[in-house]
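Construct the complete structure from the given sequences, taking the supplied hints into account.
Heads up: the sequence lines are chains A and B, in that order. Sequential numbering from 1 applies to the first sequence in the numbering used here. Sequential numbering from 1001 applies to the second sequence in the numbering used here.
Watch out, some of these pointers could steer you wrong.
As the list claims (entries may be wrong) - Calculated pairs, SDA-like style, for lysine to any residue (alpha carbon to alpha carbon, straight line, at most 25 angstroms):
#  : chain 1 : residue 1 : chain 2 : residue 2
1  : A       : LYS275    : B       : PHE1008
2  : A       : LYS161    : A       : LEU236
3  : A       : LYS277    : B       : ARG1085
4  : A       : LYS277    : B       : ILE1084
5  : A       : LYS275    : B       : THR1094
6  : A       : LYS277    : B       : GLY1100
7  : A       : LYS23     : A       : LEU276
8  : A       : LYS277    : B       : GLY1025
9  : A       : LYS277    : B       : TRP1019
10 : A       : LYS277    : B       : ARG1086
11 : A       : LYS275    : B       : GLY1025
12 : A       : LYS275    : B       : ARG1085
13 : A       : LYS277    : B       : PRO1024
14 : A       : LYS275    : B       : LEU1096
15 : A       : LYS277    : A       : GLU137
Read the hints as simulated data drawn from the structure, not as lab findings. Small disclaimer: the values here were computed from a predicted structure and weren't measured.
Single-letter residue listing:
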Amino acid sequence: MTAILVAINLLVVPLLLVGVIRKVKALMQTRLGAPILQPFYDIAKLWGKTETISETASWVFIWAPRAGLAVAGIAALCVPWAGVLLPAGWAPMTNLLLVLYLLALGKFFGMLAAMDTGSAFGGLGASREATISLLVEPALLLGLSALAIGAGSTDLNTIYKGAIHPLVALLVGITLICTALAELSRMPVDDPTTHLELTMVHEAMILENSGRNLAITEYAVALRSCVYLGIASQTLLHAWPAFGSLPLLHRYGISLGALFVLGIAVAMAEGVLVKLKWRRVPHFLTASLVCSLFAGLIAVAQR
Amino acid sequence: MQLSTIDFLAAGATLLAVWMCGTPGLPSLLRALALQTAILAVITMLLGLQWHASHYLWLAAVVLLVKAIAIPVYLAHAAGRLRIRRDDGARLGTTLALCGGCGVVIISYFLAPQIAVMPLGNAGAAGMALALLLIGMLLMMTRRLALSQIIGFLVLENGIFLYGLTQTHGMPLMIEMGVVFDVLVGVLVAGVVMFRLNRSFEHIDVTQLRGLRH
Chain A
1 MTAILVAINL LVVPLLLVGV IRKVKALMQT RLGAPILQPF YDIAKLWGKT ETISETASWV
61 FIWAPRAGLA VAGIAALCVP WAGVLLPAGW APMTNLLLVL YLLALGKFFG MLAAMDTGSA
121 FGGLGASREA TISLLVEPAL LLGLSALAIG AGSTDLNTIY KGAIHPLVAL LVGITLICTA
181 LAELSRMPVD DPTTHLELTM VHEAMILENS GRNLAITEYA VALRSCVYLG IASQTLLHAW
241 PAFGSLPLLH RYGISLGALF VLGIAVAMAE GVLVKLKWRR VPHFLTASLV CSLFAGLIAV
301 AQR
Chain B
1001 MQLSTIDFLA AGATLLAVWM CGTPGLPSLL RALALQTAIL AVITMLLGLQ WHASHYLWLA
1061 AVVLLVKAIA IPVYLAHAAG RLRIRRDDGA RLGTTLALCG GCGVVIISYF LAPQIAVMPL
1121 GNAGAAGMAL ALLLIGMLLM MTRRLALSQI IGFLVLENGI FLYGLTQTHG MPLMIEMGVV
1181 FDVLVGVLVA GVVMFRLNRS FEHIDVTQLR GLRH
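See the structure below:
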């Protein structure tokens, strides 16, 4: 049963989430938008296309996205982002520190590929991505540590088995949503549909990717969106004490519902918000750091 | 240690204070101040119900009316008259001020058990009250405009009020009422001074008061 759900999680849900986000965003702009299944077609189409590779690019450009996809896949497998807990034998793989730095490793491969093309925009995007991940890391680490202090273990399976104190869950949930927006290059931090290269972060990094390479990159991004938004929605859901003891399928259904609600919220925010000035991004992320710090203090005092 | 509702409310008030450190806009600063004071009024009310003492309920009502409604409205009115909307910190940028606020919270959290030898010994709320007090001081030291210094003073006063309320059984009603009205009069006087300052210098930037007028 767990195996089937994990397979659905890894193969179907990520692209579906991307499709839903795009559809809602289009509706917010009173456009009809592409069908919800469009990301699947896009991946299939890109897979068959020939690649155009910059002359200055080396083998790193070909292999870094593949390594990035592998790392994102492992992270998506280990994190219980849809309420499906892995069997106990996986314990060392579900440690939150490992997962956190696996996600960071995925970003490292993305930056490596962007720098390798020799394009000025790639370098610019990579440098901004590195800056953002530097700012995000303390908030993310502190927020998840607050959960770990509450559960008495850094194992994500243990954390997401019992209930989380509602206030801690709320504060960590806010932190995780804010950091997810920054990590996934979504609206207040970066505009994913911009056409001005100078203001892009993520899009500038994948400007040179095409064909199969682009398909792999897009898929890795979809997986990472699921992990970040999923872990935020799980944290908020566990404020409800009975959630951990529900039957697996109920828990799975509610988790997916919450994940898509969060995705729709992100898309709606994207229709309303304006992009932050680049200089204001640290301020936004420091605010989320404050939230996680308070969560940590409450978790320590509660113990 | 099991935390009570009062500890959580106190934590909420302190979270608002830290947020105020990183907020340049005066309207949102005043709204945060009003909300924070309203939280203190709720704490007062809850303690009154817990101790079955009706005079805390009167105190809560007065705090709510005077400190959470009248003073912020008056300050908002003053800000409107002086046509000022934001105050970028003078000595600390907003991000750095937020981090400073965080640091203050951590320090006071670990400091509070060292000094709180009070009959009630409510260490969680004591740390939060101490943090409020220190953040008020931080706001007063780092802001540029006279108006935000008044706001910093009010945060500081909230900290003292919270500490007194949660660590002892509070002062007698007369004294608490007197303090509340003292604060009101103090803010009114400071407002008058601020208007005079504005008329004489055409700004209320305290960092420029030491230089010669030009």
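Cross-check of the supplied hints:
1. LYS275(A) to PHE1008(B): This hinted pair is violated, its Cα atoms lying about 33 angstroms apart.
2. LYS161(A) to LEU236(A): 13 angstroms, holds
3. LYS277(A) to ARG1085(B): 20 angstroms, holds
4. LYS277(A) to ILE1084(B): 23 angstroms, holds
5. LYS275(A) to THR1094(B): 19 angstroms, holds
6. LYS277(A) to GLY1100(B): Holds, at roughly 22 angstroms.
7. LYS23(A) to LEU276(A): 23 angstroms, holds
8. LYS277(A) to GLY1025(B): 17 angstroms, holds
9. LYS277(A) to TRP1019(B): 19 angstroms, holds
10. LYS277(A) to ARG1086(B): 17 angstroms, holds
11. LYS275(A) to GLY1025(B): Distance ~19 angstroms between LYS275(A) and GLY1025(B) Cα, so the pair holds.
12. LYS275(A) to ARG1085(B): Given that 25 angstroms is the threshold and the Cα spacing comes to 22 angstroms, the pair holds.
13. LYS277(A) to PRO1024(B): 15 angstroms, holds
14. LYS275(A) to LEU1096(B): Holds, at roughly 22 angstroms.
15. LYS277(A) to GLU137(A): 20 angstroms, holds
The structure fails hint 1 only (numbered hints given earlier).
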